[in-house]
Amino acid sequence: MRTNRITPWLYVGPAVFLLFFFLVYPSINSAYISFFNYNSEKFIGIKNYLYCFTNEIMLTSFRNNALWVIVFVPTTVFVGLIIAILVDRVKYESIVKSIIFMPMAISFVGAGIIWKFVYAYRPAMSAQAGILNAIRSFFQLEPLPWLIIRPWLNNFCLIMVGVWTVTGFCMVVLSASYKNIPRELLEAARIDGATEFKIFWKIILPLMKPTLVVVATTMTINVLKVFGIVYVMTNGNFDTDVIANRMYKEMFMFRNYGRASAIACILLVLIIPMIIINIKRFKEQEAIR
Amino acid sequence: MTKKLIPIFSRGTLHLVIIAVALIWILPSIGLLVTSFRSPADVAASGWWTVFEHPFNFTCYTLENYQEVIVKIGIGRAFLNTLLITIPATIIPILIASFAAYAFAWMEFPGRRFLFVILVGLLVVPLQMTLIPILRIFNKLGLAGTFPGIWFAHTGYGLPLIIYLLYNFISGLPSELFDSSSIDGATSFQIFTKIVMPLSLPALASVTIFQFLWVWNDLLVALIYLGGTPDVAPLTVRISALVGSYGQDWELLTAAAFVSMALPLVLFLGLQRYFVKGILAGSVKG
Chain V
3 MRTNRITPWL YVGPAVFLLF FFLVYPSINS AYISFFNYNS EKFIGIKNYL
53 YCFTNEIMLT SFRNNALWVI VFVPTTVFVG LIIAILVDRV KYESIVKSII
103 FMPMAISFVG AGIIWKFVYA YRPAMSAQAG ILNAIRSFFQ LEPLPWLIIR
153 PWLNNFCLIM VGVWTVTGFC MVVLSASYKN IPRELLEAAR IDGATEFKIF
203 WKIILPLMKP TLVVVATTMT INVLKVFGIV YVMTNGNFDT DVIANRMYKE
253 MFMFRNYGRA SAIACILLVL IIPMIIINIK RFKEQEAIR
Chain D
37 MTKKLIPIFS RGTLHLVIIA VALIWILPSI GLLVTSFRSP ADVAASGWWT
87 VFEHPFNFTC YTLENYQEVI VKIGIGRAFL NTLLITIPAT IIPILIASFA
137 AYAFAWMEFP GRRFLFVILV GLLVVPLQMT LIPILRIFNK LGLAGTFPGI
187 WFAHTGYGLP LIIYLLYNFI SGLPSELFDS SSIDGATSFQ IFTKIVMPLS
237 LPALASVTIF QFLWVWNDLL VALIYLGGTP DVAPLTVRIS ALVGSYGQDW
287 ELLTAAAFVS MALPLVLFLG LQRYFVKGIL AGSVKG
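Top line first, the protein sequences correspond to chains V and D.
Note that our numbering has the first sequence beginning at 3, numbered continuously upward.
Note that our numbering has the second sequence beginning at 37, numbered continuously upward.
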């Protein structure tokens, strides 16, 4: 469309200004003040980064974020994929999908309370409020303080809350991609005597690979920034802290803006590979247009 | 046709597995809902699932928990605050993004491509990178702890995804639309308001639900720029504070949580179609 030289800027101007003001400038500024002391007055070189990579709680947080990536990403993608393929074969598909998808509308605070209640613990003699411990009691097992047993059980329990909220997203995206596979292709393979297992590995998975990569990178980005669930459920106690919550604590509890910025920068560096994948994918899409 | 194709699974096992998964997914929410209507004494004495032993005994339910959290604990006020935050923080960015997406899609200007690549990169920049510098500016300008401050913040943070999704849609409109309209002497603004916006309603519906849910459910941005003062704090901030002070009062926590979930759930179930479309149009934000 032909326009004069100024008109386009009237349209994109406000957006570009806000993007620079709220995202570009502050990111550069954060990178800069990460080399300064707590109130940004004194240059201290890489001391904040040294702190991040030597402090014990920080190292625990890195380990936990790694645990989140290793457990959360494959679980959400795999469970989402399996559900997408299974519900495609029943008539009540849309109801089941709505149920799995519904937690997407719930905040991490809401999800945190829902699941804190599932994990609720009372001593063995009293009536259990949490359903998990009630099930254990039913089988004559001791009730467990799920969110306190460190370091694996409690972190695993937190990760499952994340899985519960986000699997619906994976399922919806993967289901759309699965339904794009021509049915004749699967039928032909069946007629040729391929087992369901073989069809899954040799036909469905390869055809869905691009979508699986997109979903997995999206999940990885989300999980590196995980905050709300941990903040509400344990606030990082009992060795469950994560990077984003450490950043919040350094910023708001300890008022150490230098350290907080350094943590944010590390988070960004961890996400940069995903940004590059994103831009590459965008350029490929543009090339097809 | 599909009936024969499951040799690993019998048909019965398939139904069983699907129903079990659906139950696992929905039971925690049902527990929350049921508990929010039970009296404190009942909650202390027995688990929420025991109500199903007498499914038609409605006398054991009460609205007192809701009365207590909404009036006494101030969740009513927090609900109002969340509305006052969410509505402008949804409308403003969508308005600004619509103009930008239109220009990115159909106008030529220097730096167009470059700016758009930056925008795609910004989709995944963690908010944590921006919190401290913005908070400092807000403190100087007196915007910290105010609604306009958080409207602007959510506008800035929401723009990349909203522009990206609207761009995908608007750039897919047929180009004849624009050629014939310009020949008829329509200005770019007329084309925008009379043709592009009406045609983009489905995409606008998707981004509206996205942004609405994102702002409604946001905790981090509100914690940083608004803080916990009752006259501005939204539901997420107030409720996460309740977890500390009412940690074992499940009937109150669950009622408060349900107040915060009800509206997004209704919207979501009603407009699920648009939400799914938005996700499939390429969502990468977290």
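Hints in this document: simulated from the structure, not taken from any laboratory.
Among the hints, a few may not be true.
What the hints assert, rightly or not - Far from chain V by the CB rule (all over 10 Å, computed), these chain D residues:
id: 1; residue: Pro64
id: 2; residue: Tyr97
id: 3; residue: Glu100
id: 4; residue: Glu144
id: 5; residue: Leu167
id: 6; residue: Ala189
id: 7; residue: Ser236
What the hints assert, rightly or not - With a straight-line Cα cutoff of 25 Å, these simulated DMTMM-like cross-link-like pairs (lysine to aspartate or glutamate) come out:
id: 8; chain 1: V; residue 1: Lys282; chain 2: D; residue 2: Asp215
id: 9; chain 1: V; residue 1: Lys200; chain 2: V; residue 2: Glu189
id: 10; chain 1: V; residue 1: Lys200; chain 2: V; residue 2: Glu186
id: 11; chain 1: V; residue 1: Lys285; chain 2: D; residue 2: Asp267
id: 12; chain 1: V; residue 1: Lys251; chain 2: D; residue 2: Glu144
id: 13; chain 1: D; residue 1: Lys230; chain 2: D; residue 2: Glu144
id: 14; chain 1: V; residue 1: Lys93; chain 2: V; residue 2: Asp241
id: 15; chain 1: V; residue 1: Lys181; chain 2: V; residue 2: Asp194
id: 16; chain 1: D; residue 1: Lys313; chain 2: V; residue 2: Glu189
id: 17; chain 1: D; residue 1: Lys108; chain 2: D; residue 2: Asp78
id: 18; chain 1: V; residue 1: Lys211; chain 2: V; residue 2: Glu43
id: 19; chain 1: D; residue 1: Lys108; chain 2: D; residue 2: Glu89
id: 20; chain 1: V; residue 1: Lys204; chain 2: V; residue 2: Glu186
id: 21; chain 1: D; residue 1: Lys313; chain 2: V; residue 2: Asp194
id: 22; chain 1: D; residue 1: Lys313; chain 2: V; residue 2: Glu58
id: 23; chain 1: V; residue 1: Lys181; chain 2: V; residue 2: Glu43
id: 24; chain 1: V; residue 1: Lys211; chain 2: V; residue 2: Glu144
id: 25; chain 1: V; residue 1: Lys181; chain 2: V; residue 2: Glu95
id: 26; chain 1: V; residue 1: Lys211; chain 2: V; residue 2: Glu95
id: 27; chain 1: D; residue 1: Lys313; chain 2: V; residue 2: Glu43
id: 28; chain 1: V; residue 1: Lys282; chain 2: V; residue 2: Glu186
id: 29; chain 1: V; residue 1: Lys251; chain 2: V; residue 2: Glu58
id: 30; chain 1: D; residue 1: Lys108; chain 2: D; residue 2: Asp285
id: 31; chain 1: D; residue 1: Lys176; chain 2: V; residue 2: Glu43
A virtual CB, placed ideally from N, CA and C, is assigned to each residue, including glycine.
Hinted pair lysine 200 (chain V) and glutamate 186 (chain V), Cα distance within 25 Å: holds, 16 Å
25 Å limit on alpha-carbon distance, applied to hinted pair lysine 200 (chain V) and glutamate 189 (chain V): holds, 13 Å
Claimed clearance of chain V by tyrosine 97 (chain D), with the beta carbon kept past 10 Å: At roughly 17 Å from the nearest Cβ of chain V, tyrosine 97 (chain D) sits farther out than 10 Å, so the non-interface label holds.
Agreement of lysine 211 (chain V) and glutamate 95 (chain V) with the hint, judged by alpha carbon distance not exceeding 25 Å: holds, 23 Å
Straight-line alpha-carbon gap lysine 251 (chain V) to glutamate 58 (chain V), limit 25 Å: holds, 15 Å
Given hint glutamate 43 (chain V) paired with lysine 313 (chain D) - CA-CA distance at most 25 Å: The given pair, whose Cα atoms are some 48 Å apart, is violated under the 25 Å limit.
Pair hint outcome, lysine 285 (chain V) versus aspartate 267 (chain D) [Cα-Cα no greater than 25 Å]: Violated. Lysine 285 (chain V) to aspartate 267 (chain D) sits at ~46 Å, over the 25 Å cutoff.
Pair hint lysine 204 (chain V) and glutamate 186 (chain V), alpha-carbon separation not exceeding 25 Å: With Cα atoms ~15 Å apart, lysine 204 (chain V) and glutamate 186 (chain V) stay inside 25 Å; holds.
Separation of glutamate 100 (chain D) from chain V, once the least beta-carbon distance is taken, above 10 Å: Its Cβ never comes within 10 Å of chain V, the nearest being 18 Å, so this holds.
Closest CB of chain V to the CB of leucine 167 (chain D) still more than 10 Å away: Contrary to the label, leucine 167 (chain D) does not stay out of reach of chain V, its closest Cβ about 7 Å off (not over 10 Å).
Satisfaction of hint between glutamate 144 (chain D) and lysine 230 (chain D), Cα-Cα up to 25 Å: holds, 21 Å
Satisfaction of hint between aspartate 241 (chain V) and lysine 93 (chain V), Cα-Cα up to 25 Å: violated, 45 Å
Comparing the model with each earlier hint shows violations of hints 1, 4, 5, 6, 8, 11, 12, 14, 16, 18, 19, 21, 22, 23, 24, 27, 28; every other hint is respected.
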